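**Q** Using the sequences provided together with the hints, build the complete structure.
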Amino acid sequence: MNYLLNTWYVAAWSHDVVPGAILARTILDQPVALFRRTDGTLAAIHDACPHRFAPLSAGILQGDRIACRYHGLAFDGSGACVFNPHGPTLRSMATRAYPVHEAHRAAWIWMGEPDRADPALIPDLSYLSEAPETAFSSGELLSGPGNYEVFVDNILDLSHTDYLHPDTLGGGANTKAKQEITESDGFFDVTWYARDIPPPPLLASLVDSLPERTDSFSRVRWFAPGVMKLVAGIVPAGADESVAVSNVNAHIMTPETARATHYFFAATRNYRTGDAELNERIAATRKRIFATEDKPMIELVDARMGGREFWSMRPILLSIDGASVRARRRLQALIAAEQAGTAAAAA
Amino acid sequence: MNYLLNTWYVAAWSHDVVPGAILARTILDQPVALFRRTDGTLAAIHDACPHRFAPLSAGILQGDRIACRYHGLAFDGSGACVFNPHGPTLRSMATRAYPVHEAHRAAWIWMGEPDRADPALIPDLSYLSEAPETAFSSGELLSGPGNYEVFVDNILDLSHTDYLHPDTLGGGANTKAKQEITESDGFFDVTWYARDIPPPPLLASLVDSLPERTDSFSRVRWFAPGVMKLVAGIVPAGADESVAVSNVNAHIMTPETARATHYFFAATRNYRTGDAELNERIAATRKRIFATEDKPMIELVDARMGGREFWSMRPILLSIDGASVRARRRLQALIAAEQAGTAAAAA
Amino acid sequence: MNYLLNTWYVAAWSHDVVPGAILARTILDQPVALFRRTDGTLAAIHDACPHRFAPLSAGILQGDRIACRYHGLAFDGSGACVFNPHGPTLRSMATRAYPVHEAHRAAWIWMGEPDRADPALIPDLSYLSEAPETAFSSGELLSGPGNYEVFVDNILDLSHTDYLHPDTLGGGANTKAKQEITESDGFFDVTWYARDIPPPPLLASLVDSLPERTDSFSRVRWFAPGVMKLVAGIVPAGADESVAVSNVNAHIMTPETARATHYFFAATRNYRTGDAELNERIAATRKRIFATEDKPMIELVDARMGGREFWSMRPILLSIDGASVRARRRLQALIAAEQAGTAAAAA
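Chains F, E and L are the protein sequences, given in the same order. With this note's numbering, letter number 147 in the first sequence gets 147, and the count goes up by one each step, no holes. With this note's numbering, letter number 254 in the second sequence gets 1254, and the count goes up by one each step, no holes. With this note's numbering, letter number 37 in the third sequence gets 2037, and the count goes up by one each step, no holes.
Honestly, I wouldn't trust all of these hints.
Chain L residues, not near chain E, derived (Cβ > 12 Å throughout) [as the list claims (entries may be wrong)]:
1) S2014
2) G2059
3) A2103
4) A2120
5) G2172
6) G2238
7) N2270
8) F2290
9) A2291
10) D2302
11) T2342
One side only, chain F facing chain E, incomplete, derived with CB under 7 Å [what the hints assert, rightly or not]:
12) M1
13) Y3
14) L4
15) L5
16) H160
17) L164
18) T175
19) Q179
20) L300
21) V301
22) R304
23) I316
24) L318
Calculated directly from the structure, the hints in this document are not laboratory data. All of these numbers come straight from a predicted model, not from anything done at the bench. Note that beta-carbon positions come from the ideal geometry of N, C-alpha and C, so glycine has one too.
**A** In structure tokens form, the structure reads like this:
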């Protein structure tokens, strides 16, 4: 499959890369072994020994290196072979290393040209690192069928909540909401506004003393290829956004293969931020909704698509598709430009 | 795969299309959603929303229409989009509808050109609708591996009963029987006659006071592509068929995919027709035989064929293959004619 | 896949071809039905009836022939149809037979040109047939993922024992050992020598009164494509091999498909040869090690190779790969010669 290569992908939440353990992940069809060096920094190397292709993730983490379980070759986080029990270690024995960078509570990986891997290009999700523990949760949907762009569509069109999650996240407001898109360099925002409505049921159950009439907004900021910040806020009808009671979430889609996706989500909020019990409850509810409603639906959509390319299936377009179509077109252009650049560089 | 399109296929037994529920079926590789309108009539539409391809069978049946569970578009039995919560309903938003017709206790579907879907073309299985409840049973083999023509072969050569079902349906008579084929327009009959033999064991156990010497016959009427009526009768040696004690069955094979088949069977009889307990017993026995003997054998044959075309495997032909070869050739000719006609129409 | 055809493959251990039963095996992608005639001799025929492709292994063994369960045709061990309940038996009704020969407690099969199947070409594994029951065990790894050449590599490079089996078969000696290869017509030997070392732990636990310093050697004799004899011996430091305390094993790899292998192993020894309890213990230990350590590792390697050809993956070569590379090149040459010969014969 054609992926955007020169960009940062989330490979894992930071806390899932446990010191002393090796985490095996397939990212963009490539098997990757992630681990922490003894100084805590992250490393990611191709998850196959260059000798007989044994997965290094099945090996033994020895300090800053992984020893292959099959014949004992050891590799450090730069991919270099640093120990060969059977002879000299040569430069040609290296396995590929991938740039990794830890930021915003996540481990980011760069699958493209290493010398272009600038951490400054990582989208700003600092709201995640700044959130107190009692107002933060993160999770990961166990990788399941579904192309990552289909997962992205799911967030860029929140009207789906009214139909797929009618008793929880939805309630009709997103369908009635007015949608606005604001373009920027490197990202765009799509916002749904619903004015002068009763408070949405889920939020109403969490926040005390809401007024009877409210304005609500949901805003998704999309960064290519699949990093999204979602702010869902509510204010007394007519009030300014700055006083909003808000959930601030992240939805991050990393392609595993053409038909499987790592779905990372995180949540924080600006109300009852010291309430650990509420925090737990929000996390559990979200996990349940994604696992029992979004995941099965996307799996069904994937089955119907059967590996076919989205546009080749001639989908009908609705007013709600503005953002998702924009994301698909932007990403397509980025991939085309990258490949043209690669071709130019090779010519 | 090449299927005959302009013909009626059984999609389900009538009683399996339950009011208020949606039945999902794959027919000729196409996903289909079957349901009953509030007036009881059948409808069948392509089982994917044209917007994002969510299966409509995962949606909500609301009166005469299905609302998609993902974004709320609703479609009626004609395939038209009759509700769009996000904007106008346009003609271009339709999904495909398939002609369906209920007859002979079954739901028939037409996968070809809709304006050629004439209910008069449905094979006459009126003996099924006319049978009293206490002399009727129907069932469906859970779809399993096996091309539909291999399932058809299984009925068109009843000699297999002597080897695959030696203790029940078989007993040696079908192998010794004399086989006759009578051609007609639109169908053919193959009959196995065995004269002056002891009554077949299964029937003997069901019918009182059988004579010691009998003539028996088994007659399959085949309609393309895979609808078969099977009459198995017995008379006192030398008597006329009109006095026969008979089981009258249906074996109907609908392609699910090139390598999976919906096998619908039904049974009626002209003896002890008021005996509900016997009826239950016959139904249970047949179901057990199909599930534990025919199904595994056809699954094994399918594995050996491995998706290869039947004739390309150069099967040896035996005297018992007259009917099955005839059916394969007739069907091949019908498909060729249909495709030539389509090509001509397109030219 | 390209296999060497004109050679003997082990299809089963002799005791697994039980009189009165049919053993179904896939060998070199071909389904084979193995059975014993009433005189005890082996037969192997293509495991599909030429009529409708029902597996003959699902049939009924009747003396020296198999009757198909579907329509009753029967075939003898030469592949000839010897009974047709529906008409004459013709020569054209035959199924393919494969030469089989029983030797060294194993059933050998020849998948190539039958008239070249000379039992004298079977590798000499007479040490297996000569071993007393109390010093012999054999087994078979349930067929699992992995190309047979990857399984062969596993034995031709015993250094892996130090990393994959550090607590049992390994211990570091094989990595430190000096490797020597001796070429011969039809086979080669690779030997690892380790001189003046403490006795290897596994052997030390089995043999009483070992000296404190020993010389040890492990010698694999490889016969194309995948038959290996492995002698692992130990002598007091400086003594001659003729006084060695030795385990003498067989590791035999028969391709099932391009990505699955039948792994047959057997063990005998020249110490405590009357000790049935020890014999049991050795057999159980080996079976556990293969099943829990080698099999999963090769399955992981197979997943990483993903069906790609070994050399196309540009493996790095180490000093320990001398024998395995030699075997791959010899086999490649044999297959090329065989195919050139076939082409020449066909020209």
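**Q** Give a verdict on every hint.
**A** Results for each hint:
1. S2014: Per Cβ check, L:S2014 is outside 12 Å of chain E; nearest 27 Å; holds.
2. G2059: For L:G2059, whose nearest Cβ neighbour in chain E is about 9 Å away, the distance does not exceed 12 Å, so it is violated.
3. A2103: 30 Å, holds
4. A2120: The assertion about L:A2120 holds, with a minimum of 34 Å to chain E.
5. G2172: 47 Å, holds
6. G2238: The claim holds: L:G2238 sits with its nearest Cβ about 60 Å from chain E, beyond 12 Å.
7. N2270: 46 Å, holds
8. F2290: Label holds. Min Cβ-Cβ 28 Å, cutoff 12 Å.
9. A2291: Given a closest Cβ separation of 27 Å, the condition holds.
10. D2302: 21 Å, holds
11. T2342: 22 Å, holds
12. M1: 18 Å, violated
13. Y3: Check failed: Cβ of F:Y3 comes no nearer than 22 Å to chain E, outside 7 Å.
14. L4: F:L4 check fails; min Cβ-Cβ to chain E is 22 Å, beyond 7 Å.
15. L5: With Cβ-Cβ at 27 Å, over 7 Å, it is violated.
16. H160: 6 Å, holds
17. L164: 6 Å, holds
18. T175: F:T175 check passes; min Cβ-Cβ to chain E is 5 Å, inside 7 Å.
19. Q179: Violated, about 10 Å.
20. L300: 5 Å, holds
21. V301: Check passed: Cβ of F:V301 comes within 5 Å of chain E, closer than 7 Å.
22. R304: With a closest approach of 4 Å, the F:R304 hint holds.
23. I316: Since the shortest Cβ distance to chain E is 5 Å, the answer is holds.
24. L318: At 5 Å from the nearest chain E Cβ, F:L318 passes the 7 Å test, so the hint holds.
Going down the numbered hints, you'll see the structure goes against 2, 12, 13, 14, 15, 19, while the others check out.
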